[in-house]
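*Asks:* As they're listed, the protein sequences go chains A and B.
Reminder that position 353 of the first sequence reads as 352 in numbering that gives the first Met the number 0, one-by-one numbering, no gaps.
Reminder that position 294 of the second sequence reads as 293 in numbering that gives the first Met the number 0, one-by-one numbering, no gaps.
Keep in mind that the hints were calculated from the coordinates and are not lab data.
Each hint should be verified, as a subset may be incorrect.
[Unchecked claim] Lysine-lysine pairs mimicking BS3-like chemistry, simulated, CA-CA at most 27 Å apart:
id: 1; chain 1: B; residue 1: Lys115; chain 2: B; residue 2: Lys45
id: 2; chain 1: B; residue 1: Lys46; chain 2: B; residue 2: Lys115
id: 3; chain 1: A; residue 1: Lys239; chain 2: B; residue 2: Lys194
id: 4; chain 1: B; residue 1: Lys194; chain 2: B; residue 2: Lys115
id: 5; chain 1: B; residue 1: Lys84; chain 2: B; residue 2: Lys115
id: 6; chain 1: B; residue 1: Lys245; chain 2: B; residue 2: Lys339
id: 7; chain 1: A; residue 1: Lys277; chain 2: A; residue 2: Lys496
id: 8; chain 1: A; residue 1: Lys140; chain 2: B; residue 2: Lys300
id: 9; chain 1: A; residue 1: Lys140; chain 2: B; residue 2: Lys99
id: 10; chain 1: A; residue 1: Lys140; chain 2: A; residue 2: Lys93
id: 11; chain 1: A; residue 1: Lys43; chain 2: A; residue 2: Lys376
id: 12; chain 1: B; residue 1: Lys307; chain 2: A; residue 2: Lys59
id: 13; chain 1: B; residue 1: Lys46; chain 2: B; residue 2: Lys84
id: 14; chain 1: A; residue 1: Lys43; chain 2: B; residue 2: Lys99
id: 15; chain 1: A; residue 1: Lys105; chain 2: A; residue 2: Lys43
id: 16; chain 1: B; residue 1: Lys99; chain 2: B; residue 2: Lys153
id: 17; chain 1: A; residue 1: Lys43; chain 2: B; residue 2: Lys153
id: 18; chain 1: B; residue 1: Lys339; chain 2: A; residue 2: Lys140
id: 19; chain 1: A; residue 1: Lys105; chain 2: A; residue 2: Lys59
id: 20; chain 1: B; residue 1: Lys300; chain 2: B; residue 2: Lys153
id: 21; chain 1: B; residue 1: Lys307; chain 2: A; residue 2: Lys140
id: 22; chain 1: A; residue 1: Lys140; chain 2: A; residue 2: Lys277
id: 23; chain 1: A; residue 1: Lys140; chain 2: A; residue 2: Lys239
id: 24; chain 1: B; residue 1: Lys99; chain 2: B; residue 2: Lys115
id: 25; chain 1: A; residue 1: Lys43; chain 2: A; residue 2: Lys239
id: 26; chain 1: B; residue 1: Lys187; chain 2: B; residue 2: Lys153
id: 27; chain 1: B; residue 1: Lys68; chain 2: B; residue 2: Lys99
id: 28; chain 1: B; residue 1: Lys84; chain 2: B; residue 2: Lys68
id: 29; chain 1: A; residue 1: Lys93; chain 2: B; residue 2: Lys46
id: 30; chain 1: B; residue 1: Lys245; chain 2: B; residue 2: Lys300
id: 31; chain 1: B; residue 1: Lys245; chain 2: B; residue 2: Lys307
id: 32; chain 1: B; residue 1: Lys46; chain 2: B; residue 2: Lys99
id: 33; chain 1: A; residue 1: Lys140; chain 2: B; residue 2: Lys245
id: 34; chain 1: A; residue 1: Lys239; chain 2: B; residue 2: Lys300
id: 35; chain 1: A; residue 1: Lys2; chain 2: A; residue 2: Lys43
id: 36; chain 1: B; residue 1: Lys68; chain 2: A; residue 2: Lys93
id: 37; chain 1: B; residue 1: Lys84; chain 2: B; residue 2: Lys99
id: 38; chain 1: B; residue 1: Lys194; chain 2: A; residue 2: Lys43
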Amino acid sequence: MDKVISSYLGIDITPQRTQAWLFDDHLGKYELLASGNSQTSSTKGLMEGIDGAVGQLEQKTDRLLWSRPGRFLIESEQTQSGLKGVGITLSIGKPIRVVLVGVSEKYSLEPLRRLVRFYNTEIVLEISLQNEPNFSAQLEKLTNTAFDLLVITGGVDGGPERSLRAMIGNIRLLVQLRGVTNRPQIVYAGNNALADYARSEIDAGEDLHLARNIQPESGREDLSLAATALMNAVRRLRLKEFPELQGLQGQSRVKLLPGEFARSRINQFLEQTQTNEKGVLQVHLEPDYAHAIAIRNNRRMGVWQNNHIDERIVTEILEQSDQPLDRGITAAYISNRIINPGYAADTIEEMSMELSWLCVRVRRLLVQMAELYSEFKYDPPIGLQDDYEPIMLSGNCFERLPSARHSFIVAQDGILPHGITTLVGDDHNLLTSLGVLAEFDDLLPVQIIDSDLFSGLATVINVDSSVTVEKKVLELEVDEGYDSLRDHYQVYKGELKRFETIPGNDLRVYLAPEPESDVGIGLRGLGGWLSAGPTRLGLVVDARGRPCYLPADDFARQELRRDWIWNLGAW
Amino acid sequence: MVMSTIIQDNYLLTLPVALPFPGAVRVHPGQAVEVGDVIAEAIMPKKYQVFDVLNQFRIREAQLEGCIKRLAGEEVQRGDVIAKKPGLFSRFFRAPEDGKVVAVRDGRVTLAMGEKTIQAISPIAGTIGELLPGMGAVVVASGLRYRGNWGNGKVAIGYLHHLDEISESRLETTENTIVFFDGTITLKELLAIQKAGADGAVVTALDPSGVSSYQDLDLPLVSLLGFGWAQLDPFSRSIIENLESKQVYLVARGTADDQKPELFQPASDAQAAALFEEAEEPLIGQTVRLLGQLYFGSVGKVVQAPEKRQQLPSGMQSQVVAVEREDGSVIRVPVENIEKLTN
Chain A
0 MDKVISSYLG IDITPQRTQA WLFDDHLGKY ELLASGNSQT SSTKGLMEGI
50 DGAVGQLEQK TDRLLWSRPG RFLIESEQTQ SGLKGVGITL SIGKPIRVVL
100 VGVSEKYSLE PLRRLVRFYN TEIVLEISLQ NEPNFSAQLE KLTNTAFDLL
150 VITGGVDGGP ERSLRAMIGN IRLLVQLRGV TNRPQIVYAG NNALADYARS
200 EIDAGEDLHL ARNIQPESGR EDLSLAATAL MNAVRRLRLK EFPELQGLQG
250 QSRVKLLPGE FARSRINQFL EQTQTNEKGV LQVHLEPDYA HAIAIRNNRR
300 MGVWQNNHID ERIVTEILEQ SDQPLDRGIT AAYISNRIIN PGYAADTIEE
350 MSMELSWLCV RVRRLLVQMA ELYSEFKYDP PIGLQDDYEP IMLSGNCFER
400 LPSARHSFIV AQDGILPHGI TTLVGDDHNL LTSLGVLAEF DDLLPVQIID
450 SDLFSGLATV INVDSSVTVE KKVLELEVDE GYDSLRDHYQ VYKGELKRFE
500 TIPGNDLRVY LAPEPESDVG IGLRGLGGWL SAGPTRLGLV VDARGRPCYL
550 PADDFARQEL RRDWIWNLGA W
Chain B
0 MVMSTIIQDN YLLTLPVALP FPGAVRVHPG QAVEVGDVIA EAIMPKKYQV
50 FDVLNQFRIR EAQLEGCIKR LAGEEVQRGD VIAKKPGLFS RFFRAPEDGK
100 VVAVRDGRVT LAMGEKTIQA ISPIAGTIGE LLPGMGAVVV ASGLRYRGNW
150 GNGKVAIGYL HHLDEISESR LETTENTIVF FDGTITLKEL LAIQKAGADG
200 AVVTALDPSG VSSYQDLDLP LVSLLGFGWA QLDPFSRSII ENLESKQVYL
250 VARGTADDQK PELFQPASDA QAAALFEEAE EPLIGQTVRL LGQLYFGSVG
300 KVVQAPEKRQ QLPSGMQSQV VAVEREDGSV IRVPVENIEK LTN
C-alpha cells in the first residue's frame with residue numbers, strides 16, 4: 000500500500016501581507032514544500048490576499064489547494080493522501096475596545112490588564128466594584144461606553160457574591176439593549192460559584208465565554224484559566240470584523256486562530272520541552288505593531304504594542320544611533336515610516352535611524368511587559384535580568400533587515416540579556432502558522448522546529464562586571480575541534496567580540512572569567528566549558544556591561560557603536 | 000506590488016458613518032443623502048437607577064414578592080411607588096422621574112428614565128452604498144480625489160481656499176473654508192488657522208518638531224506628503240489650485256484606519272471608475288512621487304525598472320528604478336519608495 004502523505008496549509012494575514020506555507024511528510028517527516036506571499040488589500044477584503052498567496056503555492060507545487068476561491072480541497076479520508084488541514088492565523092484587525100470589571104484594583108483589575116494586553120486591545124473603561132459600589136453609576140458607565148469586549152472577574156471561589164451578582168444583572172441589561180447582532184463579547188472569569196448564574200442571566204449565547212476563576216483562591220492568580228475563553232472571544236470579534244473569513248472558518252478541518260495566541264502556543268511548547276530551566280522569549284516586530292511573549296515556569300506573559308511616535312522616542316533614537324543625525328530629520332523619517340510601512344531604508348543614515356528605532360521599540364515593549372508582570376525583570380539600562388534561552392526574533396521588521404548582524408544588534412541592544420543565551424531568527428516567519436497547525440498534528444511543529452528552517456543567529460555570552468572600561472573581564476580558550484592548538488583570547492570591558500563558528504561543527508570554549516565577572520554560570524568568577532552550536536554570527540561575547548558602557552560625547556559614542564557593528568562582521 | 004494612485008478622477012469615495020452604540024438605521028441602499036442627513040440613530044435612556052430592594056429595605060427574600068409593586072416593562076410616572084416595605088414604619092421607593100421599569104431581577108429593580116438620542120450624521124453628500132446593520136451605513140460619492148499621507152481622523156466639508164502666507168490679514172479670509180497651504184506648516188500656524196475659524200486644513204507637509212501634537216487638533220487636518228520640509232510639485236499644485244472656491248470634502252482618515260486620508264471634490268456626472276479593478280500598468284513612463292527625506296515631495300518619470308534586486312547603500316536589497324526628475328537629473332530609488340501620481 001502506498002504511504003499516505005499528509006499535507007497542511009498555513010496562512011498568516013498581517014496588515015501588509017498575506018503569507019501561505021505548504022508542509023507535507025512525503026519524506027517521512029514534515030518539511031516545508033513552498034511558501035507564497037501576497038499583498039493584503041485593505042479595500043478589497045482579505046480573500047484577495049489569501050487567493051494570491053495560495054495561488055502562488057499552487058503554481059510552485061503544481062497542486063490544487065482549493066476547488067474555487069474560498070473552498071479548500073481537503074481530503075477527509077484518512078487513508079488517502081492530500082491536504083489534511085488548513086490553519087489560518089489573523090495578525091490583523093483594529094484594536095479591540097475593552098471594558099474591564101473587577102471587584103478590586105489589585106486582585107481583579109491588575110490581572111485583567113495582564114490578560115487583555117496580550118492582544119491588540121485598548122482599555123476604554125475599568126470598573127472596580129469596590130471603588131464604584133453604586134449599581135446605577137455602574138450601569139450608566141457601561142451603557143455610555145462603546146466597546147467590543149467585556150471581561151469580568153472577582154472574588155475567590157465560594158467568596159462573597161453580592162456585587163458580582165449585581166454587575167451580572169447590569170450586563171444582562173446591556174446585552175438586551177445592544178441586540179443580538181451588535182452585542183459585545185463577554186468573558187466571565189470570576190467566582191466559579193456564579194458561573195452558571197452568569198450563563199443563565201446574561202443569556203448571550205455564543206457571545207458569552209465562561210472561564211474558570213483566574214483567582215481561584217486568595218493570593219493565587221492563574222491567567223491561563225481564562226486564556227482559551229478570551230481567545231474565543233477575540234476570534235469571534237475578528238470574524239465579525241472580517242466577515243469574508245466566516246466561510247473559511249465554517250469548513251471542516253479549517254482552523255482559525257488569533258496570531259498572538261498561535262505564537263504563544265509554540266513558545267509554550269519550547270519552554271516545556273527544553274531542559275535548561277530557562278524561559279523562552281519571543282520578540283515579534285511588524286511595521287505597525289510589536290508583540291512580546293515570555294514563557295517562564297510554564298507561565299505565559301505577553302504584551303502587544305501598537306506603533307506610535309512621540310518626542311521622547313525621537314530622543315531615544317538619537318541616543319541609540321551610530322550616525323550623527325538631525326533631530327528634525329529623524330522625527331520626520333520615523334513619522335513617515337509609520338505612514339509608509341513598506342518604505343525601504345536607502346542610505347546609511349536611514350539604516351541607522353531604522354536600527355535605532357527598532358531597538359527603541361524592543362525596549363519600550365519590554366518595559367511595558369515589566370510594568371504588567373512583576374516577575375518579568377527588565378529595566379532599560381540594566382537589561383533583562385532573568386535567564387531566557389532561546390530568544391526568538393520574528394516579524395517583517397527583522398526579516399527585512401539586510402544581515403544577521405543588523406538583527407543581532409537590534410535585539411541585543413534592545414533586550415540586553417544576561418548570562419548565556421542564543422538568539423534565533425524565524426526567517427520564514429513560521430512560528431505563528433505552526434501554532435495553529437499544531438491542532439492537526441503536533442508532530443508537524445516539532446519536526447519543523449527541529450529542521451534547519453530556523454536560523455541560529457548567535458550564541459551570546461553576556462559578561463557582567465563592575466570593573467572600569469578596558470580592564471580584562473574574561474579569558475577564553477577556543478577549541479575549534481580540528482586537533483589544532485587551542486586559541487586563547489582576552490576580552491576587555493566595553494568590547495563586543497565575535498568568534499565565528501563553522502557549519503556542522505560545535506565551537507567548544509572554556510570561559511575563565513575574572514573574579515568579579517559573572518558570565519551566567521552561577522557565581523561571579525565561575526567559569527567552565529561551553530559548547531556553541533553553529534550559528535550565522537557564531538559566538539558573541541558582550542562585555543559592554545550593564546548599563547552598557549557608552550562615552551558621553553556624541554561623536555565618540557557613535558563611533559563606538561559603529562565599531563561594535565563592524566566587529567560583528569559582514570554577515 | 001500594487002501601488003495606489005495619488006490623483007484619481009472618477010474615484011469612488013467610501014465613508015462609513017456609524018453610531019457608537021447600536022440603534023436604528025434610517026437609510027436604505029441606493030438612497031441619496033445630503034450633508035447633515037441622519038444615517039442612523041439610537042434612542043437611549045438618559046439615566047438609570049438600580050434599587051436594591053433586599054438590601055435597602057433590609058427584608059428577607061421571602062418578603063420580596065410582596066414589596067415590588069411594578070413589573071419589568073411597565074411605564075412609570077414620577078412619584079409612582081415601585082417598591083413598598085409594609086409594616087408599622089413603611090418605606091417606599093418611588094420613581095424619581097418618568098420612565099420605565101427595565102428589569103426586576105434578584106431583588107433589584109432597574110428604572111430607565113428620560114431619553115437621549117444619538118445620531119450618526121452624514122458629513123458628506125452621496126449615495127448609500129452598503130448598510131452596517133444596527134450601526135449605520137457606508138456613504139459613497141464619486142469625483143476627483145487627491146490622496147494624502149497623514150490625517151488626524153476627522154472629516155470636514157467646505158470651500159477650498161488657498162492661503163499663500165500665514166499672516167493676520169490673510170487668516171481673516173479663512174473663516175468657514177478648508178484652507179490649502181503649500182509648504183511645511185507648524186503646530187502654531189495650524190492653531191492660528193483653527194482660531195481664525197477655518198473648517199479644515201490641507202497642507203503639503205507638517206513640521207516634524209511637533210509630531211505627537213497634530214493628532215489632538217480639533218481642526219480636521221490632512222498632510223499630503225507627511226512630515227518634513229517640501230512644497231508640492233507644480234502638477235499637484237495646479238490640480239489643487241483648480242479646486243479654489245469649490246466645495247471639497249476633507250476625509251482626514253487617521254493612521255489607525257485602513258485607508259489613507261483624502262481631499263475629494265464631488266462630481267455629479269462622474270463615472271465610478273473605482274468600481275472596476277485598477278489595472279496594473281508597467282512602471283516605465285509613469286509619473287511618480289518620491290518618498291524619503293532626500294527627495295521628499297519631488298516628482299519624476301520612471302525611465303528604467305529592472306526586475307533584478309540590487310543592494311542599496313543601506314545594505315537592504317530592493318528592486319531599484321531609475322527616475323528622471325523635473326530638473327533632468329536621473330536618480331535610482333527602491334520601488335517601495337515611490338508613489339504613482341496619476342493614472
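*Asks:* Would you mind marking each hint as holding or not holding in the structure?
*Replies:* Hints versus structure:
A hinted pair counts as satisfied when its Cα atoms are at most 27 Å apart, and B/Lys115 with B/Lys45 qualifies at roughly 5 Å. For the given pair, B/Lys46 sits about 9 Å from B/Lys115 by alpha-carbon distance, which is consistent with the 27 Å threshold. Between the alpha carbons of A/Lys239 and B/Lys194 the distance comes to roughly 41 Å, so the proposed pair goes past 27 Å and is violated. For the suggested pair B/Lys194 and B/Lys115, the alpha carbons sit about 31 Å apart, so the restraint of at most 27 Å is broken.
Straight-line distance between C-alpha atoms of B/Lys84 and B/Lys115 comes to about 33 Å, which puts the hinted pair past the 27 Å bound. Restraint check for B/Lys245 and B/Lys339: satisfied, since their Cα atoms lie roughly 25 Å apart, inside the 27 Å limit. Only pairs whose Cα atoms come within 27 Å are accepted, and A/Lys277 paired with A/Lys496 is accepted, the gap being roughly 24 Å. With a C-alpha separation of about 56 Å, the suggested pair A/Lys140 and B/Lys300 falls outside the 27 Å cut-off, and the hint is violated.
Pair hint A/Lys140 plus B/Lys99 holds up; C-alpha atoms about 19 Å apart against a cutoff of 27 Å. Taken as a hint, the A/Lys140 and A/Lys93 pair is honoured in the structure, with Cα atoms around 23 Å apart against an allowance of 27 Å. This hinted pair does not check out: A/Lys43 and A/Lys376 have alpha carbons roughly 44 Å apart, beyond 27 Å. The hinted pair formed by B/Lys307 and A/Lys59 meets the criterion: a straight-line CA distance of about 20 Å does not exceed 27 Å.
Note on B/Lys46 and B/Lys84: the hinted pairing holds, with a Cα-Cα distance of about 25 Å set against a maximum of 27 Å. For the hint linking A/Lys43 to B/Lys99, the alpha-carbon distance of about 45 Å lies beyond 27 Å, and the restraint is violated. Between A/Lys105 and A/Lys43 the alpha-carbon distance is near 45 Å, which puts this suggested pair outside the 27 Å criterion. For the proposed pair B/Lys99 and B/Lys153, the alpha carbon gap of about 37 Å is over 27 Å, so the pair is violated.
Between A/Lys43 and B/Lys153, the direct Cα distance comes to roughly 23 Å. Compliance with the 27 Å bound is thereby established for this hinted pair. A C-alpha spacing of about 47 Å is found between B/Lys339 and A/Lys140, which places the hinted pair above 27 Å, so the restraint is violated. Distance hint between A/Lys105 and A/Lys59 is unfulfilled; the C-alpha atoms sit about 54 Å from each other, more than 27 Å. Restraint check for B/Lys300 and B/Lys153: not satisfied, since their Cα atoms lie roughly 34 Å apart, outside the 27 Å limit.
Restraint check for B/Lys307 and A/Lys140: not satisfied, since their Cα atoms lie roughly 58 Å apart, outside the 27 Å limit. Between A/Lys140 and A/Lys277, the direct Cα distance comes to roughly 44 Å. Violation of the 27 Å bound is thereby established for this hinted pair. Distance hint between A/Lys140 and A/Lys239 is fulfilled; the C-alpha atoms sit about 25 Å from each other, no more than 27 Å. A C-alpha spacing of about 14 Å is found between B/Lys99 and B/Lys115, which places the hinted pair at or below 27 Å, so the restraint holds.
Taken as a hint, the A/Lys43 and A/Lys239 pair is honoured in the structure, with Cα atoms around 16 Å apart against an allowance of 27 Å. At most 27 Å may separate the alpha-carbon atoms for a hinted pair to count; B/Lys187 and B/Lys153 meet this at roughly 19 Å. A hinted pair counts as satisfied when its Cα atoms are at most 27 Å apart, and B/Lys68 with B/Lys99 qualifies at roughly 13 Å. For the given pair, B/Lys84 sits about 10 Å from B/Lys68 by alpha-carbon distance, which is consistent with the 27 Å threshold.
Restraint check: the Cα-Cα separation between A/Lys93 and B/Lys46 comes to about 30 Å, which exceeds 27 Å; the hinted pair is violated. Note on B/Lys245 and B/Lys300: the hinted pairing is violated, with a Cα-Cα distance of about 30 Å set against a maximum of 27 Å. Between B/Lys245 and B/Lys307 the CA atoms are separated by roughly 46 Å; this puts the pair beyond 27 Å, and the hint is violated. Between B/Lys46 and B/Lys99, the direct Cα distance comes to roughly 11 Å. Compliance with the 27 Å bound is thereby established for this hinted pair.
Among the hinted pairs, A/Lys140 with B/Lys245 is inconsistent with the structure: their alpha-carbon atoms are about 43 Å apart, more than 27 Å. Distance restraint check for A/Lys239 and B/Lys300: the Cα-Cα separation of roughly 43 Å exceeds the 27 Å cut-off, and the hinted pair is therefore not satisfied. Simply put, A/Lys2 and A/Lys43 have alpha-carbon atoms about 41 Å apart, too far for the 27 Å limit, and the pair is violated. Straight-line distance between C-alpha atoms of B/Lys68 and A/Lys93 comes to about 46 Å, which puts the hinted pair past the 27 Å bound.
Restraint check for B/Lys84 and B/Lys99: the C-alpha separation of about 21 Å stays at or below 27 Å, so the hint holds. Annotation: proposed proximity of B/Lys194 to A/Lys43 is violated, straight-line Cα distance about 40 Å (limit 27 Å).
In summary, the numbered hints that this structure violates are 3, 4, 5, 8, 11, 14, 15, 16, 18, 19, 20, 21, 22, 29, 30, 31, 33, 34, 35, 36 and 38.
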